[in-house]
Structure formats: structure tokens, C-alpha cells
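Asks: Now for the letters of each chain:
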Amino acid sequence: METPPIFELKNVTREEAGREILKAASITIHAGEFVALLGPSGAGKTTILRLFNALDSPNSGEIRFRGERYDEGSVRDLRQKVGMVFQTPTILEGTVVQNLMVFQRWRKDFVLSDEDLYGKLEQVGLTGIGLDQDAKSLSGGEKQRLALARTLLNAPDVLLLDEPTSSLDPVMAHQILRRIKALQQEMGFTVIMVSHDHRLAVKYAERFIVLLRGEIAADGPLSVLKGDDSAAVQAFLNGGEE
Amino acid sequence: MSNQFYVVSWWDVLMALVFVALTYGIMRYWKIGLEKTLLVGTVRTFLQLTLMGYLLSYIFKQESWYFMVGLLILMVLVASIEGYRRQKLPVPHYFLILVGSLGITVVLVLGTILKFILDVEPWYYPFVMIPIAGMIIGNGLNSMTLTANRFIGELKHREGEVEMLLSLGAPVRTAVHGSLVSAIRAALIPNINNLMTVGLVQLPGMMSGQILAGIDPLIAVRYQIIIMYMWITTAVLADVISLTFIYRQFFTAREQLRINILRRAEA
Numbered sequence: 001m002e003t004p005p006i007f008e009l010k011n012v013t014r015e016e017a018g019r020e021i022l023k024a025a026s027i028t029i030h031a032g033e034f035v036a037l038l039g040p041s042g043a044g045k046t047t048i049l050r051l052f053n054a055l056d057s058p059n060s061g062e063i064r065f066r067g068e069r070y071d072e073g074s075v076r077d078l079r080q081k082v083g084m085v086f087q088t089p090t091i092l093e094g095t096v097v098q099n100l101m102v103f104q105r106w107r108k109d110f111v112l113s114d115e116d117l118y119g120k121l122e123q124v125g126l127t128g129i130g131l132d133q134d135a136k137s138l139s140g141g142e143k144q145r146l147a148l149a150r151t152l153l154n155a156p157d158v159l160l161l162d163e164p165t166s167s168l169d170p171v172m173a174h175q176i177l178r179r180i181k182a183l184q185q186e187m188g189f190t191v192i193m194v195s196h197d198h199r200l201a202v203k204y205a206e207r208f209i210v211l212l213r214g215e216i217a218a219d220g221p222l223s224v225l226k227g228d229d230s231a232a233v234q235a236f237l238n239g240g241e242e
Numbered sequence: 243m244s245n246q247f248y249v250v251s252w253w254d255v256l257m258a259l260v261f262v263a264l265t266y267g268i269m270r271y272w273k274i275g276l277e278k279t280l281l282v283g284t285v286r287t288f289l290q291l292t293l294m295g296y297l298l299s300y301i302f303k304q305e306s307w308y309f310m311v312g313l314l315i316l317m318v319l320v321a322s323i324e325g326y327r328r329q330k331l332p333v334p335h336y337f338l339i340l341v342g343s344l345g346i347t348v349v350l351v352l353g354t355i356l357k358f359i360l361d362v363e364p365w366y367y368p369f370v371m372i373p374i375a376g377m378i379i380g381n382g383l384n385s386m387t388l389t390a391n392r393f394i395g396e397l398k399h400r401e402g403e404v405e406m407l408l409s410l411g412a413p414v415r416t417a418v419h420g421s422l423v424s425a426i427r428a429a430l431i432p433n434i435n436n437l438m439t440v441g442l443v444q445l446p447g448m449m450s451g452q453i454l455a456g457i458d459p460l461i462a463v464r465y466q467i468i469i470m471y472m473w474i475t476t477a478v479l480a481d482v483i484s485l486t487f488i489y490r491q492f493f494t495a496r497e498q499l500r501i502n503i504l505r506r507a508e509a
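Those protein sequence lines, which keep their order, are chains U and H. Following our numbering, the numbering of the first sequence begins with 1 at its first residue and continues without gaps. Following our numbering, the numbering of the second sequence begins with 243 at its first residue and continues without gaps.
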């Protein structure tokens with residue numbers, strides 16, 4: 001039997017404050033892909049990630065995860081399997097370990113040794129910091145890595161990245177994305193990354209979906225993108241960051 | 243010296259107008275410009291309180307429990323309308339939440355006082371029930387509106403944190419825990435400070451009233467202690483019950499933050 005795709009979006013529409021952010025979008029994503037969602041700001045990229053993490057629901061259309069309808073079953077289980085890293089990392093008051101062990105607030109059986117935690121930090125390239133360090137004192141890049149490590153503690157099947165490097169310098173951005181790519185290959189999860197910077201995304205993603213004004217303007221590998229004759233897509237690609 | 247109860251006559255009240263006259267004179271001399279308002283206020287005080295006196299003597303003559311229960315319901319409704327009007331909050335079903343939370347708080351606190359602490363016979367004895375119910379409703383309402391407002395502020399401030407926790411699979415209750423605690427703490431601190439300082443700076447109004455009415459200060463003090471303990475419980479119960487209803491209004495059945503409702507609170 002053929003395994004169902006990890007995500008299926010069928011004619012999904014999402015309205016916010018009376019405005020259609022996403023217009024009848026259909027996307028199928030298979031397990032293990034590294035997909036970049038590209039497009040100018042306001043195109044609906046983050047909206048798609050929020051739908052995948054079930055932080056929002058579509059106004060119409062259907063979303064399936066591994067063949068199962070999104071509006072059925074436990075939303076918490078779903079969110080554990082579909083981890084999200086936000087554009088601006090939310091770091092809680094307290095130490096690094098308190099941020100990582102936040103799961104204990106609702107999962108009493110969540111126990112990890114210091115060794116496990118250091119291992120997790122090392123995985124995301126966060127070395128040279130102490131578990132008891134005040135998490136708010138970390139640098140921007142360190143905070144983003146801490147947020148990534150925290151999401152990975154759920155051992156998600158999918159990692160949603162919402163412009164994870166937008167506040168970082170290019171060297172740091174590449175460092176983090178290289179880590180994510182390596183982790184993806186090691187752990188086999190699916191990555192869906194939102195970016196307005198396609199020059200950065202082409203180095204890591206294998207598939208590119210371009211969104212323009214809530215509609216999917218192009219979808220495919222880099223070669224398909226380059227051959228896309230849509231003037232709007234080319235304008236976005238040539239213009240780079242809008 | 244033995245207790246003596248001074249009955250205040252209407253003549254005494256008339257004599258008290260000397261205070262109003264003195265105030266009026268000072269206002270005129272300093273050209274404060276509030277003379278007319280003062281006179282209106284003086285008349286209103288007289289009329290409103292006299293009316294209230296007649297109303298209370300009528301109420302205290304009633305002997306049926308359902309009259310008292312009906313009156314309690316009316317008091318809860320009037321207080322809720324006042325609270326709802328005073329603070330327009332973008333919480334769906336806010337009025338119902340106020341009525342429900344206040345109602346539950348009154349039943350629990352008043353019931354405990356009447357049945358277990360004072361053991362009043364009959365339980366609806368109006369001389370005890372009505373003033374205490376008034377205090378519970380007043381304090382409960384104040385605390386609830388304060389907490390609700392603070393909670394919405396916290397939720398706005400912590401929107402990112404709440405969504406981050408939800409995104410990791412946290413239940414809504416866990417995601418809003420920080421906002422709930424901050425809101426309740428803010429509302430309770432004045433009440434707890436009250437427990438610390440009562441009797442040091444000034445005598446509480448109710449106790450002063452009882453002493454004036456000729457009650458032994460030691461008895462008045464006992465009453466006041468019970469009221470103080472009741473006060474803090476009323477606040478914490480009203481806060482916890484109302485917030486339990488309120489926070490749910492900000493989330494969908496799929497445990498999503500209803501950002502559009504939160505945005506409405508910005509106005």
C-alpha cells in the first residue's frame with residue numbers, strides 16, 4: 001500500500017479580518033522533503049505554517065496529515081508531531097534548562113538528564129553555554145538555537161520554520177540552516193521553511209513553492225522555478241527580497 | 243462606662259447641616275465654584291439614604307426566604323450590569339460570566355457565613371444576610387473586573403509565549419497559566435495588604451458603625467475579623483471562577499488563540 005503524503009492541502013482558503021490571505025491553495029508534501037515556501041511578505045507563507053501547526057483553521061478546504069483529517073483527533077498530539085520554530089524565538093523567563101524542560105508543565109513523565117540536554121544543545125550547535133544560564137541573556141542566534149532545540153525535544157516528524165534566520169547575520173543564518181539540514185538527514189524529518197530570501201533557501205531546500213498574493217504561483221525543484229515563465233514569479237526571484 | 247446607644251433624631255440631622263454651611267462658606271470665600279454641586283449633593287445624600295432606609299426597613303420586615311433569595315438575585319444582577327457597563331471588555335458572554343461567577347461566589351461565601359460560622363436562625367435573617375451579601379457582591383465585583391482587565395492585558399503581552407506553548411502541544415490551561423497567575427496576584431495584593439494593616443491606620447467602617455451603635459468593641463472586632471477573612475476568600479473565589487470562564491472565551495475548541503477577539507481589546 002502506498003504511504004499517504006505527510007501533508008495534503010486541498011483548496012484551502014483562509015481569511016483574516018475580512019481579507020483572503022490564502023486562496024484555494026492545494027499543496028501535497030511527502031515525508032522527508034525539504035520545502036521552501038517563498039514569496040513577498042503578506043503572500044500567505046506564515047499562514048500555511050500556522051495551518052500546519054493547527055494554530056489556525058482554514059475557512060474552507062481540507063488539510064490532511066498522513067492521510068488523516070486535520071480537524072479530527074487530538075490537536076495536541078498533532079502539534080507534537082508537527083513542530084514549529086517562530087520567526088522571533090519566544091524565550092521564557094528562567095534558565096536554559098527551564099526553557100528546555102517546559103514540557104514538564106503538562107507532561108509529568110517528561111524527564112531528561114543533564115547529559116541528554118547538553119546533547120540536544122550540541123545537536124543544534126549551541127555549545128559553551130551552561131544549563132543554569134539565564135536564557136534571556138543569550139544572543140539572538142543562541143536564542144533561536146535554543147528554541148529549535150526545544151522544538152526538537154518533541155521528536156517531531158515535521159519541522160516548520162518561519163523565517164528562522166531573518167534576525168541573524170548571514171554567517172549565523174547559514175550555520176543554523178546547515179545544522180538543520182544535517183539533522184534532517186540524520187533524523188529523517190520533513191522540513192517546511194518559510195523564507196522571503198530565496199537566495200538563502202536554494203542552498204538547502206529541494207523544492208520551492210512560490211506564493212504570490214495568497215495563490216501558489218510556482219511549485220517544483222529549482223529547475224522548474226528557473227524555467228517558470230510567469231512574469232510575477234520571475235519578478236519576485238529577480239527582485240529577491242521584496 | 244457602660245454601652246450607650248445614642249438614637250439620632252431628625253433634629254440632629256438638621257443640625258449636621260452646619261457642616262454643609264461651613265463648607266459652603268469656605269467655597270464661597272475661596273471662589274471654588276462648586277457651591278451648586280455641593281447643594282445638589284447634599285439634597286441627594288438626604289433623599290437617597292432616606293429612601294434606602296425606608297427600603298431596608300421594608301425588607302427587614304419580610305419573613306419569607308424566597309423574598310430574600312429574590313432580593314439577592316436582584317442585587318447580583320444590578321451589580322453585574324454596573325460592572326458590565328463600567329468596563330467594556332471584548333469577552334464573549336461577559337455579562338453572563340459576571341452574573342454566574344458572582345452568583346456562585348455569593349452562594350458559597352454567604353452560605354458558609356450564615357450556616358457554619360454565625361449559624362444564623364433562620365438562615366435568611368435579613369439583618370445579617372443583606373449587609374453581608376452586599377459586602378460580598380461589592381468586593382467580588384471589584385476584584386473580578388480588575389482581574390479580567392489585567393488578564394486580557396497579560397494575554398496580549400504574552401501572545402507569543404501562549405502560541406509557542408500551544409505549538410509544542412501544551413493544553414490551553416498550561417499556555418495561559420502565567421497570565422492567570424499574574425492577573426490574580428495583581429487583584430489579591432491589595433486585599434492581602436488590607437489583612438496586614440487593618441486596625442493600624444484606621445478603624446474599618448463597619449466596625450466603627452457597630453461601636454457607634456453601642457456594640458461592645460470586642461464583639462465588633464470579632465465581626466470585623468470574620469469580614470476580613472471573608473473578604474479575601476470572596477476575592478479569590480470570584481477571580482478564579484470568572485477567569486475560568488473568561489480564558490476559555492479566547493480559545494477555539496481546537497485550542498487556537500482567537501487573535502481577532504484579543505485584537506478588539508486594543509481599542
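If you're looking for bench data, these hints aren't it; they were derived computationally from the structure. Incorrect hints may have been included.
[What the hints assert, rightly or not] Pair by pair, the computed Cβ-Cβ distance ranges are:
#1 Asn502(H) with Arg107(U): 41 to 47 Å
#2 Val349(H) with Val111(U): 24 to 30 Å
#3 Lys330(H) with Val111(U): 43 to 49 Å
#4 Gln87(U) with Gln444(H): 51 to 57 Å
#5 Lys136(U) with Ile301(H): 55 to 61 Å
#6 Glu68(U) with Thr494(H): 17 to 23 Å
#7 Lys398(H) with Arg107(U): 24 to 30 Å
[Claimed, not checked] Derived DSSO-like pairs (lysine-lysine); straight-line CA-CA distance at most 27 Å:
#8 Lys143(U) with Lys398(H)
#9 Lys143(U) with Lys81(U)
#10 Lys136(U) with Lys398(H)
#11 Lys120(U) with Lys136(U)
#12 Lys226(U) with Lys181(U)
#13 Lys10(U) with Lys143(U)
[What the hints assert, rightly or not] Stretch-level coverage of chain H by chain U, calculated; a stretch enters the list once three of its residues show a Cβ under 8 Å from a Cβ in chain U:
#14 394-406
#15 409-417
This one's a predicted model, so the numbers in the text were calculated from it and none came from an experiment. Glycine is no exception: its CB is placed at the ideal position from the N, C-alpha and C atoms.
Asks: Hints numbered earlier in the text: which of these fail when held up against the supplied structure?
Replies: Checked against the structure, the hints that fail are numbers 1, 2, 13, while the rest are satisfied.
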